[in-house]
Each structure stands twice: as C-alpha cells, then as structure tokens.
Amino acid sequence: MSTAVSGLTDVAVEAAPPRRAAGRGALGLGLLLGPGLLILAAGLLWPCLTMLQVSLQDRFPDPTGYTLEHYRTILTDAYYLRIIGRTFWLAAVVTLVTAVLGYPVAWYLARSSSRRKHLIFLGIIAPLLVSIIVRTLGWTIILGNEGLVNAVLRGLGLVDEPLKLMQGFWSVVLGMVHILLPFMILSVAAVVGKIDRGVIEAATVLGADPVRAFLRVALPLSVQGLASGSVIVFCLTVGAFVTPVMLGRGQVTVLAVTIHEQMVVLVDWPTGAALAMILTFGTLVVLTAYGLFLRRHARR
Amino acid sequence: MAASSQPSSDAVGVDLRAVRKWYGPVQAVRDVSLAIRPGEIVSLLGPSGCGKTTTLRMIAGLEHPDAGEIRIGGALVNAVAPWKRNIGMVFQNYALFPHMSVAENVAFGLAMRREGRAAIDAKVAAAMAQVRLAPLADRRPSQLSGGQRQRVALARAIVTRPSVLLLDEPLAALDRKLREQMQVEIKQLQREVGITTVFVTHDQEEALTLSDRIVVMEEGRVVQTGTPSEVYERPRSRFVSDFIGFTNAVRGRVEAVEAGTATVAMGSGQTIRVPAEADIAPAQAVDLVVRPEKVEVDPPEAARPGRTLIAGTLRHSVYTGAVTYHHVDIGGGETLIAMTPNGDGHAGPPALGSPVTLGVRPENMLVFARAG
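Listed in order, the protein sequences are those of chains A and B.
Counted the way UniProt numbering counts, the first sequence spans residues 1 to 300.
Counted the way UniProt numbering counts, the second sequence spans residues 1 to 372.
With the rest of the complex left out, here is chain B:
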C-alpha cells in the first residue's frame, strides 16, 4: 500500500497503542491505536477538535499521554523527552527563530547535536539546496514569503535526518496555488528522503493528495484508516463520507434484508436494492449515500441492466467548467446531485423540468444506519 514511497533502509515505524489524553474533564484523545509503517506518509484527518493535533504532539513528546504506549522504531518513548526523540517537525505557523538567519535556523538542530562546524555547513547547504533556498541563506525569516518560510521549516526539520517527520497543518497558511505546489514538493521530498511522515490536516483534498494512508479522526477517536481511495470510495460511516469529498445522502427505510442485500424505500415511495452490512435490519431508518460522480444521468439502455435506477425531475444544472452538477428531484422532498464530465461529444443536458432516470451501480450506493 505504501509502495509509492521508497522507505530508506533506516526508516522506522511509529506505533500508538490505546493512547489517551485528557485536558481537564475533556478527553481529547480516546484509545487511539495506529501502526505507521517505516517510510510511510500518513495523514491524520478530521475537523478541529478531533484530537489529531494532540496525537501528533504526543508523538513529538510535546504532550504526554495519560494512558497507552507510543513507540518509535519499536522503542517505547513515553518517558523520552522531546529533545531526545530525534524528530523533525514543521509547525503550523512554521515557528522559525526570528532572531536567526535562514541558515542559522536550518543549522540549529545540528548545533544541538554538537556536530562540527564543517559538517554543519555541508549539511545545511545540502538541505537548503534540496528545498531551493540557497540564495536566501542570510535572510531573516521576516524577510521571506509564506512559501519560502514553509521551505525553511521543512529544511530545518529534515536536515538532522530525523527518524520521523511530523507536519502540523503544514499548508494551512498558504494560498491555494502555493498550497498545491507545496503538496507536490512535500511529497517529492518525502520520497527522496524516504522518511516516515505523519501530518495533520483538516483539508481532505490535502490528505487525499499527499497520503499513503489516511487516518480519519472524530471526537478523539480513529473512525477509519485506509488508503485515500479506500477512505473515499468505501467510507465506513456517514461522518467519513461527509468529511471526505462531497456526497449525496437520501433518507430511507429498510423494507427487507436478504443475503446481504437490503430493499430500501425512499421518501418518494421508490424502492431500491443495495448491498448492506450486517448491522442493517428491516424497519431501520437509514441514509443512502452516493458520490455525485457515481450517479449517471439518463444512462444508455445498454448500460441499465444491473444498475439501480431512480426516476426524478431535473431541477437545475450548475456548469463549473470541467464538470456539470445536475440537481435532480427524486420525490419525497429529496434531491440527488449527479456530476457529469463535460467531455466532447457529450449531448447537452436534458431540459430543466424534464423527467430523467438516474443510474447507480449498486456497490457505489452505501447504506448507513441513521442514529436516533
């Protein structure tokens, strides 16, 4: 799964076992267990307050877990001070030392390791070249742009050859274009260095782009771990499907369950058959969840057998350039949104207000029991 990254021979894994952290009466992290493989790049993804940053800070040693074990390269580090953990970390606002030049910032970790002047100079020069900062060596952080500061922070974090690289919302402070560029750079750098990397983000797009695996967190718990496509295509809960990417959710009630297939009645009275997990029982209130790009508008007759078909009325179409979103009223006050790519040779959209048929592969329609 982590095949895209080439772990260097000395890359180590990070293991969390049943880690907990309280802030006063608030439990910020609840029994988080994670196994991060050597050389892997893993993102902790979730809304603010989900415990992702606290988890990262516990790996760094900046917070102490109240229970559980944290291992780096197999060694228990719960009692190891942060300055002895050999970690590289990029902080959300970079936390560059304002009283030092760029080169001095990058050299700091090496100086703390009491390396010789010549070794420090050589390594600093190499790290600065790696992030294309060499001409800025004598500048102060205050004289740099956001993207340049980001690079200094990265160079400072990797120059010591840490066993683990931690990134706390590394791109949140950058504008969109720069963010996309830095995503590519971070991923390339991570592959070159082959370092085990954990980063925290609330941006699902960033997580999908950068990660070998994504750990989705909610209210201090890990709710799903998987590759970007696993988490996107097969979310295990409404929360995950809502948090990652855009999704349609339609209410329904289970009429029958047989051999892993549920028959669900929607508000309009239409019934559809969908694959169902074991926790789905007859008479249960459920949400039917499907990604807009998995919904076809008026599929050709030849493609219809085997598809779940839903009848509706096209209410409006939103053209966004590469794709168009069709909002389809399927009765009972529910709307499904279908995304259609605007490739060439495509017939224009049906007229607004005209009846349409939506087609979905059964395996792309997910059923989640509705709480309450």
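One chain only, chain A, in its complex shape:
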C-alpha cells in the first residue's frame, strides 16, 4: 500500500520542513534505514511480487505456464464484480461517514483547553485498546434479534417483531465507522490544531458568514488531515475481514472474505491471488485519483 498513497503523501509532505542532507556517512544512513527497508521489502514487496506471480500462473502448485485467464474470469463474472463494487463502495461510504462524523470532533479536540483535551483524547483512543473482534461482538449484542436495541424497542411496544438490524450492509458500515473513527479524528485533529484561529476570524471580519468561512478557509486548510485520515480509513476498510463477516452475517461478502474463501476453502490460489492483486491495484487507483482531486482543490 506504500505506493498506493503516493499522491496523498505528497500533499502531506509539502508542509514538512526540508530534510537536511545526510551528507557524510552513507554507512550510518544505511544502518539507520536498512532494517526498516528490509522489513518492508521482505514483508511487503516480496509477498506482493509472489502474489502477482501466482495470480498469473495457470495452476498452483505445479504451474505449466502463465495466463491472464484468472483476471478474465473475475472481471467478466457478475458475482465477482458485485463483490469488488461492494468492497470499494463500503470503503467509500465508511470513509465519508468517518470524515463527516470525525471532523467536528477533531475540531473540538484541537481547540479544547489542554486539560479537557486530554480527557477527550483518552476517550477517543480508549476503544483502540480493545480488540476489533471484541468490539464487533459488542455490536452483535446490541444489534442482534435478542439484542439491546430490539429489547428496548419491544419493551416500549414500538415493534412486535425484532428488527433485522444485523444482516445488512449498513450494520457493517456502523461497525467499521465505530472502529475507524479514532484514526480519522486523530489525523484531522493533528492538522486542524495548527490552523491559526485568526484566519477564521479574518475571514469573518472580511464578510464571510460561518458557512463560507468554513468552506473557503477552514476546510481547505484541513485537507491534509482529511487526506491522511481517509487513506488510513479507506485502506483498512477495503481490506477488512472480521467486521464484514461478523456484522454482515454472510450477507455482505467483501473481497477479503472472498480471497480467504478462494485460498483457504477452495484452495484456488491463482484466483485468490488475482483477487488480491485487483484489491491492491484498485485501492492504488482510487487513492491516487483522490489525492489528485484533493491537490487540485487545496490550491483554490
């Protein structure tokens, strides 16, 4: 995913002070960068290349040649196309919802007095200390047929039959938003906190009502935070496995689930690998386009 975000990291890097030339000591530099780059290469680059290779083999193990057949099958099969579409749609929706919900919280967090800030900050990161599986299970308890929401609704006599809250796309969105909101908030807060309060006031005095002051000044200055938050949330959602499985109850099949199925259940490695490549490449394309879009609009 490191290359996938190149367009966006450029946006983020612009604000950083120029790096000091390393100058002397190529050996020292190698020692400093080596271990990190080695782990990246061994843990990311090599598996990616292996995966690419497998996805192009006609069968696995014991390939007899290379073929694009698996890609053709996937990209012409409505079943797979639906899953691909659903996966990216889910990621887009979750990213948008976390951005909309997280932005005001980030703004509030960044502008709070330091003491209150610590409390809010703690409240935001505390959920990260609980594993995703536990938090997702919590949602099944709340949303299930015998769960909290249905119990309350039935207790109030508002519904007779339990609402089917759990088997849909939107319960997965809810669970994903819950898990990923802190990443968005912290990314945005880091940038929003550096916005000079004076520029908002300057816009106001110059005749901008609150909406226009937000759209013309506050939002453009927050773009870097929204961009980095979106990258994190989008990537984590696109590759999500546990939450779609647990909150989707088999109804919300996403790429990660299908890949797992192909590789572990059906033991069709080339198709699974091709799906994984499509997931990675698709994410790269989406994020690059998004990065270019934001760059253009940040310049306005």
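Since the hints were derived computationally from the structure, they do not count as laboratory data.
Just so you know, not all the hints are guaranteed correct.
Under the rule of at most 20 Å between Cα atoms (straight-line distance), these lysine to aspartate or glutamate pairs were calculated in the EDC-like manner [to be verified]: (1) 84/B <-> 63/B; (2) 294/B <-> 334/B; (3) 84/B <-> 69/B; (4) 294/B <-> 363/B; (5) 84/B <-> 201/A; (6) 84/B <-> 209/A.
Please read all numbers here as calculations on a predicted model, not as lab measurements.
Chain B: place on chain A using the hints.
Positioned in the frame of chain A, the structure of chain B alone reads:
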C-alpha cells in the same frame, strides 16, 4: 484635533457607551465609553491585560459585550454579526490565508461581497499598488517577509472600503527599523483613505507617532483620552505618566495648599511650590512627577526667576548621543534625572560630585496623591 487627517465624506464615527465584558469572573472591560470621530485615528494604549484588545474585538464583533452599546456610524451594532459590519481588520500576526496567493488574499473580502470578476481585479490591483505589493501578487504568504505580510494584511483590510479600520498590535512582530517605516506608511495610507481607524498597541512610542488621539487603558478602564501631547505633557495619573515616556517621580508631603498652589516638602527637607489639583490636601503624601527633558541643569541666572529650583549633587552622566542624562542626588535618598540635548556650543557637563541647581517650570511639575 483630528485636523491632521482628512476624513473622507463617507467616514463614520464609532461610539462605545458603558461597554463591559467579563471572562468568567474576570471583568476585562469596565464601563468603557469612547467617541471616535469620523476619519480619526485613535490608539488604545495600555499594558497587556488592560482590555484594549478585547475592546477592539468587540468593535469588530468578534467578542460580544455583556453590557453597553457599540455604534458604528450612529447605528447600534451590538446584534450585528461581524461579517455584516463592513470592517477592515489587521491582526497581530496578520492571519493571512496560507492556502491563497497574495492577490487571492486581498480579493477575499471583495469575493465575499459578491463583486464581479472585473471589479475585483481592478480593486485588488489598486490596493496592491497602494501598498507597493504589485510584483508579489502570485506569491504565497509563506514566501513573504514580515513587512510584506504586513502590507498584504493592510491591503486586504482596506480594499473593501470598510467603514472602520481596526489594527491589533499591527507592528509588534516587526523589527525596530521596519516598524518605524511602517508607522509612516500606515499613517500616510490612513490619511489617503481617510478611514476611521482604531489601533491597539502597548508601545507608547507607536501610539504617540500614529494617533490623532490616544486612549490610555488600565485594568479594563479608560484612564485618559487626549491628543499625544496632552497625554504626554499632562498625564492625569501616575500610571499614565509612567506608561507614556520616561518620568521622574519624587516623594513628598504637602505642607500647605493655597489658591491652587501646594507647598510640598521633599525627603531632603527642601520645599517647592507646585500647581495642585483640587484633590491635594495638606499633610497628604504625594508623588512629584516631572519629565527629564523638563529639568534644566544649572539654568542661567536670568532664567531662574519663576522656576522651581532644587539643589543637588551630580552623581553621574549618561551620554547617549543626541542627549545626555544627568542623575542628580537631591537628598533624602531621591534622584532626579535631567535630560540635556547635546547641541553645539554647549558647555561640558559639571564635574561629577559637584553641586548643581535644577530648574523646572512650576507647570511642568505634576503632583499626584499617593495611594496608601
């Protein structure tokens, strides 16, 4: 009094009546009343925390008064949102929009007023020329020097032809030389545009240089309002005399008061006669206050009649180029500092340790009752 500025025909006045502002339990502004005339340039001067910035921000609408009235051009604006007040404001750190070019910064207020593209371009070009920024139109604020940013902020504030221009410590971030240059530029610009201007400063020199009138504030109150020379020459309190310019203060005790003249005994036992306000009574502890440049060292015999004369011993002299400061021990542990210009033909200073006579015109010696 505001004769130095030519108010343009559409300049408006700003009136504050008994304005108050609390921040929690702290009263930042206490019953401030001000009448700022159309086209006038007025400074709010005082130490940090005196309420001057809060007062300015209330005129802008960025803070809301808890009590009192604020009028711009006669119209009550207490309930008018800041974006509808038609105000130009220069912030202390300029608050330029970092994501916009210089030209876009200047154009912002016009765009908010939904002016046409052509009108905006023409006005922006004119404003940028006025502050000599035209070649920098496409730069980002981050690529500008402090003085250039200051000019962008000024151009952005005046391009919309606001009814009032507010400046919050406009020069505080600049170095001394640039500050003096910008003082002149701001004053010239203000005269050209003829706009009613209020600026906040803690720098008395800036206030004296730029203002038609100075409003001195202390702990949320207005303690004196007047032209620079009134405030400097006739401060109404110890606070004002200390805050504006350098001053001598000598303790004394009132021995007698008759017909507006007090006889005051100083620590050394010397007595002097000074004009006194009504609040000075016999036996009162007072401060005698006099500016160093009003104190003459060994005035010629012909000039002595009518002067208050104080005997002392010259302790040391500090030469600073244009002027020399003489520190004179006048007994009782008190020192008076006299400032003498170093013009040509001046005799050298008396030898250190020699007795000297100091002369002060009675009207230049101010008496303030001492608190406590």
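### Query
So which hints don't hold here, by number, going up?
none
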